[in-house]
Structures are given as structure tokens and as C-alpha cells.
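These protein sequences, in sequence, are chains A and B. Sequential numbering from 1270 applies to the first sequence in the numbering used here. Sequential numbering from 1270 applies to the second sequence in the numbering used here.
Be careful, since some hints might not be right.
Said to hold, decoys possible - Once the Cα atoms are required to be at most 27 Å apart in a straight line, the calculated DSSO-like pairs of lysine-lysine come out as:
1. A:K1666 with B:K1666
2. A:K1294 with B:K1633
3. A:K1633 with B:K1666
4. A:K1603 with A:K1632
5. A:K1551 with B:K1318
6. A:K1632 with B:K1294
7. B:K1523 with B:K1318
8. B:K1513 with A:K1666
9. B:K1556 with A:K1630
10. B:K1603 with A:K1609
11. A:K1632 with A:K1666
12. B:K1513 with B:K1481
13. B:K1666 with A:K1630
14. A:K1318 with B:K1551
15. A:K1633 with B:K1294
16. B:K1630 with A:K1294
17. B:K1609 with B:K1630
18. A:K1523 with A:K1481
19. B:K1318 with A:K1603
20. A:K1477 with A:K1318
21. B:K1609 with A:K1666
22. A:K1296 with A:K1318
23. B:K1630 with A:K1666
24. B:K1318 with B:K1524
25. A:K1395 with A:K1296
26. B:K1532 with B:K1298
27. A:K1318 with B:K1603
28. A:K1551 with A:K1520
29. A:K1666 with B:K1633
30. A:K1632 with B:K1666
31. B:K1630 with A:K1318
32. A:K1532 with A:K1403
33. B:K1632 with A:K1294
34. B:K1318 with A:K1556
If you are wondering where the hints come from, they were derived from the structure by calculation, not from laboratory data. Since the structure is predicted, the reported quantities are computational estimates derived from the model, not experimental observations.
2 protein chains.
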Amino acid sequence: MEYIAGGVTAPKGFKAGGVHCGIRKNKSKKDLALIVSDVMCSAAAVYTKNLVKGAPLYVTMENLKDGKAKAVICNSGNANTCNANGIEIAKGMCDLVAGLGVCESSDVIVASTGVIGQPLSLEPMKNAIGDLYKSISYEGSLSACEAIMTTDTVVKEAAVEFEIMGKVARIGGIAKGSGMIHPNMATMLVFITSDVAISPNMLAVAVKEDVKRTFNMISVDGDTSTNDMLSVMANGLCGNEEIKEDGEAFKAFKKALNMVTSKLCRMIAKDGEGATKLLECKVSGAKTEEDARVVAKSVITSSLFKAAMFGADANWGRVLCAIGYSGADVDVTKVDVAFKSAAGEIMVCSSGAGVDFDEDKAKKILLESEIEIIIGLNDGSGYATAWGCDLTYDYVKINGDYRT
Amino acid sequence: MEYIAGGVTAPKGFKAGGVHCGIRKNKSKKDLALIVSDVMCSAAAVYTKNLVKGAPLYVTMENLKDGKAKAVICNSGNANTCNANGIEIAKGMCDLVAGLGVCESSDVIVASTGVIGQPLSLEPMKNAIGDLYKSISYEGSLSACEAIMTTDTVVKEAAVEFEIMGKVARIGGIAKGSGMIHPNMATMLVFITSDVAISPNMLAVAVKEDVKRTFNMISVDGDTSTNDMLSVMANGLCGNEEIKEDGEAFKAFKKALNMVTSKLCRMIAKDGEGATKLLECKVSGAKTEEDARVVAKSVITSSLFKAAMFGADANWGRVLCAIGYSGADVDVTKVDVAFKSAAGEIMVCSSGAGVDFDEDKAKKILLESEIEIIIGLNDGSGYATAWGCDLTYDYVKINGDYRT
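This is chain A alone, in the form it adopts within the complex (with noise of 0.2 Å):
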């Protein structure tokens, strides 16, 4: 099971692309991404738990009943949301693609990211999508993962090669997001594909697993998007055998599946709107798994201890703070906190009480560009990793006038 290049398009027989349509008024900004499988998948979806969604989410939700679909299409530079037509200008995007002649409308996963309450029009994708499908390839993941970026500074694409029933298989995956990252039950967009055959419901079973200790444990600033969606297409091309129940094939497939959502999650987090840096905090020793899902994200997202760690300021009492308040089962007198990155490692706090330690040690540790924060709960054995990133002075900048 190992890392390998591209991204949606790293399994077989999947095709995407990207283009300029004419949403965004920048014209080297791409903003029109599609995917196609060249056989029908299996799908299975998670959306946002904000009460206000936006359109595409609830177009999908209809479309992936039956847990199928062959396509995605996916709009940035507006969110389609709090708009009186949002539904109509949604099914109008998948009928585009069904004028393709490559699906049904009603196999269509859609999506859309970008400002909220903006009237969105049909026509700029209506001109584009002729040339986009012709644009679309087997190598196309970068130019389609483009097309989705809003405040995005770098591209997220993941894949993995594995074997399964004694098939080579894949799995690949793009997303986008940097602001209003604080994931409940789904995320930002993540797109994934993958050339297992698996069945719509145990690819369902695969993605809730999953998304519990990946995307659900990313913050970049406490605020749920509108617009989550992960979605994860398997078109079955690799020639395995169905999964359709627990055993080998299906754990090794979310483990590859974890393998690929993971590293989309650093990506995400490390590009959080004006980071300089990706925390990871790596909590053990808790009661239950839950307690430990709780105090690492309550860390993780914490404004003070974030801006500390842009600071580089080894203020543990944050930290100790964080866990205090996040509403998890601890006993505070048993907490050990440590800080590490490529510098090195420091104890700072034993047992709920600081510890002398070499400021000037600490300083260079957290100067580093990726800081793991270790905490020992000492009270257990359960485990979790949440990832979030510093808050900066170009975070207020940057969502000081997102609009214009």
C-alpha cells in the first residue's frame, strides 16, 4: 500500500478536467471542474450538518439514493446557496451533463463552493461544458482539482495503490477548502474515485468510518461550511471480485481509503486560510476514543493556542485550557503535553503541572512548519489525531473583505 502520483484520475477509467467558464470575473481562474467514469459506480455521499445547505447538496442527496453515479460536476466562485433558484440552476448543472450523453441527469454528483447569496446563472456553464468535456482526460485530476479552489494557495490531490483480492486497485482523491473548515459529519468538497468494486452499502460503511477520525477532526477556523460534501465513486475497474460484506478486501480498502482522506486532511489543514504552520495533535490515554476525538479538536481549535503557535510561544497553559473546557471525561491532574516538529521534542507540562523546560529549545521546535502537539491523558487507552493550523494576521486580512 503506497502513495502514488495524481488524483482522481490515479484509478482506471476515470477522466477529469477543468476550464474557465466565466463565474469568476479573474479569467485564469478556472472555475468549472468534471469528473466521469467510463462505467457506472458505486456512490455514497456525506454532506454538512449546517441547517442551511446549500442547493447542490440536496440534488445530490436525491441523486445518490440509489447509490449510483457516473459524473461530478462541480462550480467554484459561488456557493449556490441562499438563492431563491439554487435548486433549479443545480438540476439545470446535471442536465448539462446528461446533454453529454454521459449519464442520466439523475447520476450526477453536484456540487458548488464559493461566496454565499449570490444569484447563480446557468449560462456560463452552459457555453463551457462542450469544451470541457472535450478537455477532460485521464491525467486531467490537477485541472479539474484547480477548477474547485477558492482561497485554496496549493492543490490537494492524494492516491494510493493497493492490492485487493489479489487485484492491483486505487484510490484517488481531490478536495478544496482553506476558511470556514470545522467539519461536522462531512467536509469542504472532496472527490474520490477508485477502481474497487464495492457496494453502494458497504462504500457507505467505508466512508462514515472514515470520516470520523479524518475530515470531522480538521478546523482551520470553527466554522461549518454550508457546502461540505465528501463524495467517493468506485467504478469497479480494477476487475476485484464486489465487496459486499466486512473481511480482508474491505478492511484493506479503508485502509487505503484512510491512507488517501489523511493526507487530503494535512493538505486542507496546513493550507488553512493564512496558516504558517500545521498543527497535529495526537491525544492518548483517554477513557474512550470519543474523549480523545473531543480534546484533540478542542486543541486544534482553539483561537488562543493558535495564535500562540504562530508566535512560537510554548504556552502550554492554553493547551491545558483547552482540554479543560472541550467537555471530555479528563482528570486534569494526570495531563502530559509535549511539543515536537523536525526540531525536536519538549515536555512542558507533567501531570497538569508545568515543568521547568529550555525556552530556547521550545522557540526553535515550534518555528518549524509542521508542529505535532502530544498529549497523554493517562487515564485509558483511547486515541485520536486532529489537524488544524496557526491563526495568522493574513486570516483576518483575508476574511476582512472576502467579497470582492
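Following the hints, complete the assembly by docking chain B onto the known chain A.
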């Protein structure tokens, strides 16, 4: 019922003051405050729900078990939290007050605020307590208020005069708090005094009811402090018959208390770390008061919305998003949103969808220093107000290197 000058020394029979004792290096910054009543008081307090609690809170809880207190001692510059000998130091602070002949050690409310996890020595306080006691006066509220400040940029005092059972009575308060402000149950440090006669039980009821609508409704950064505490001491010197049950007098007391606490709340939110704007979110038409509270607090807590307000950007999609993920029972298709300030009022969202509005007018409104966000949920009669502030470069700067 009207606001008057003075804070904790506005009510009859309370002396207060503050000195620099040496916990802080900066000699021009006072760091030890004392409030003393001429006679024994009914007393009540509420405390942070953070599992990590400052040692002084445990000592105060113990001392207030009998509902009586006569003095408050509070240092700034060190939170006395996560220290091995914290309880000993906090008790030692009470003993210093007892040593002055003011009252028993168990009649003292003790508090600390500042950095977490740094050893605190009793020595500088022991050396200064005599001079501090000499310096307290019936006009000393401001001096005490200065001595409890940390990153606060303005002093926070409020007092109200009102009639109760034919007597002229007063309630006054001082508060500190600028960062780590997201109270849950109590908040920051708030010391309130009154010359009303009221039983400890009724005082506790009044305080619990009030904080639900005041201090629990403010947020600067979503971080619930380890040292939050609000205490009230009522000494009865205004001469009214002791309030022992609900009725006219209790209602008047609660109303006056709310005038003091809501004013302090506005001051704390407006002086949030790095803040340039006070945000006051008024929610009406909620199914329940609790739903209104949840929605109001979610909006003023959203980092994205806070950054948009810093940029005077009328990005109402951020408001809808924060309502949607708040967890409150809301019909998002009924939501109206308007922005209001000294420069006017503008409707930006109606029935959950955007309305055409004058961007220049919106900008002008949002450039003011006090902004109201008016949300109509049109689904019931619950209402609530929450107070917050914008998210700015200076918040990041202040917290990037807090300890030095």
C-alpha cells in the same frame, strides 16, 4: 433607576483600592486589589465550568458555602492555576486579609488572573498588604479596577442607583477581561457590591438568572477561561428590610443588577483583545429563549463573521452560516437579517435569501464602532442578545507572544 458614577464603592460601606506589589515586573502597573465592606455581607458567586480551574476558585467556593463574605482580594499577572502549591497560596492570600483584622480568613473571596502555570509567591503580597489596606477608600473603585486588569485597555466599572422598599439603594461592579472570553456559567473576573439587604439564597438566585442573559452571552475568542468568576456582596447598609423572597423588591434588585452587568458585558466585549468594534447581536422570533441565545452567541462567535465585521464587509452569508450550524431549532427559510449602527440600518437578507441592497450604505453602517446585527427568526417569541467583537490583526499580535 439610573446609572451613577463609581463602581464597587458606589454602594454604601465599601472601600476599595489597588497597588503594585511586584508580581508584575512593570512597576507602573498595579497588580493587587482589595475590596472591603464595613459590615458582613450576603455573598454569592458563579464560577467557570472549565475542568481546569484556578486554585483561588476552589478556596472561594469553600469560603462562600455559608453565603457570607466581607472582603475580596485579587492579584493580576499570574492566574495561580496549574501550580503545585496553588491552594496554599490562595489560602495564604485570604490569611493576609484576616491578618489585617478585617474578618476571618474564611470570609474572603480570593481571585487571581494572568498567565497559567507559573509559580506564584506570597512574598510580594505579604510585603504590600499593609500599604494596600491603608490606601483603600470609599472612592477607591477605580484603583481596584486598574489592579485586576491584564490585556484590558480600558477600566470597566458600572453602578446603578434605584429605590427599593422606599430606600435609595445602589449596585456597583468592576470587571476585567479581554481575551479567553467565552464564559460558560460565569465569566472573567467580575466583583459586584450592593448596599441592599438580601438573603444569600435570593442573592444566589438573582445572580444565576442574570449571568444566563449577560456574561454567558459574550464571547471574544471562544476560549472559556480557567479563572472565570463573578461574585456579588450585598451588605444591607441602604437600610431596606432584607429581601427573603420573590416580589417587587427582588424584581427591582434583579433589574438594577442587570443594568450593571449588561453594561459591564458591553464594555468587556468592546475591549476584546485587538477589537475595533462592538458587535451586539439581537435575535427575536425564536421558538424558545434558549434557541435565541444559541443563535445570537453562534453569530458573535464566528471567526469568519468577526473578520468580515473588521473589514466592514456586509457578508450576511456568514451570519446565515453561523445560524445554520448553531444547533438551534431554526427554520432557515424564515430568517431576516439587518445591520444597524449610528449611521443607519439596512436589511440584507429576507426569508433566508439575499435582498438587493446598497453596498455603499452598508459599508458606511459597518464602519461605525458599535454594530447591531438584528436577526428575526419569525418562528416564535423567544429573544436574546449576545455581545462580541471583531477579529483583527491585533488579536493575533497580542496572543502570538502573550507570555513575554
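Hints and how they fare:
1. A:K1666 with B:K1666: At roughly 13 Å apart (the allowed maximum being 27 Å), K1666 (chain B) and K1666 (chain A) satisfy the hint.
2. A:K1294 with B:K1633: The hint holds at about 26 Å.
3. A:K1633 with B:K1666: With Cα atoms ~19 Å apart, K1633 (chain A) and K1666 (chain B) stay inside 27 Å; holds.
4. A:K1603 with A:K1632: holds, 25 Å
5. A:K1551 with B:K1318: Measuring from Cα to Cα gives roughly 24 Å; hence the hint holds.
6. A:K1632 with B:K1294: holds, 22 Å
7. B:K1523 with B:K1318: holds, 23 Å
8. B:K1513 with A:K1666: Roughly 54 Å between the alpha carbons, so the hint for K1513 (chain B) and K1666 (chain A) is violated.
9. B:K1556 with A:K1630: violated, 54 Å
10. B:K1603 with A:K1609: violated, 49 Å
11. A:K1632 with A:K1666: Distance of about 26 Å is within 27 Å: holds.
12. B:K1513 with B:K1481: Given that 27 Å is the threshold and the Cα spacing comes to 22 Å, the pair holds.
13. B:K1666 with A:K1630: Holds, at about 22 Å.
14. A:K1318 with B:K1551: Since the Cα atoms of K1318 (chain A) and K1551 (chain B) sit roughly 24 Å apart, the hinted pair holds (cutoff 27 Å).
15. A:K1633 with B:K1294: Since the Cα atoms of K1633 (chain A) and K1294 (chain B) sit roughly 26 Å apart, the hinted pair holds (cutoff 27 Å).
16. B:K1630 with A:K1294: holds, 24 Å
17. B:K1609 with B:K1630: Distance of about 11 Å is within 27 Å: holds.
18. A:K1523 with A:K1481: Holds - the C-alpha atoms of K1481 (chain A) and K1523 (chain A) are around 13 Å apart, at most 27 Å.
19. B:K1318 with A:K1603: holds, 19 Å
20. A:K1477 with A:K1318: Given that 27 Å is the threshold and the Cα spacing comes to 14 Å, the pair holds.
21. B:K1609 with A:K1666: Given pair K1609 (chain B), K1666 (chain A) holds - Cα atoms ~23 Å apart, limit 27 Å.
22. A:K1296 with A:K1318: Status violated; Cα separation ~33 Å.
23. B:K1630 with A:K1666: OK: K1630 (chain B) and K1666 (chain A) at ~22 Å, within 27 Å.
24. B:K1318 with B:K1524: holds, 26 Å
25. A:K1395 with A:K1296: Answer holds: K1395 (chain A) to K1296 (chain A) is near 17 Å, not above 27 Å.
26. B:K1532 with B:K1298: holds, 25 Å
27. A:K1318 with B:K1603: holds, 19 Å
28. A:K1551 with A:K1520: holds, 23 Å
29. A:K1666 with B:K1633: The given pair, whose Cα atoms are some 19 Å apart, holds under the 27 Å limit.
30. A:K1632 with B:K1666: Within the cut-off at roughly 17 Å; holds.
31. B:K1630 with A:K1318: This hinted pair is violated, its Cα atoms lying about 34 Å apart.
32. A:K1532 with A:K1403: violated, 31 Å
33. B:K1632 with A:K1294: holds, 22 Å
34. B:K1318 with A:K1556: holds, 20 Å
Of the numbered hints given earlier, the model fails hints 8, 9, 10, 22, 31 and 32; all others are met.
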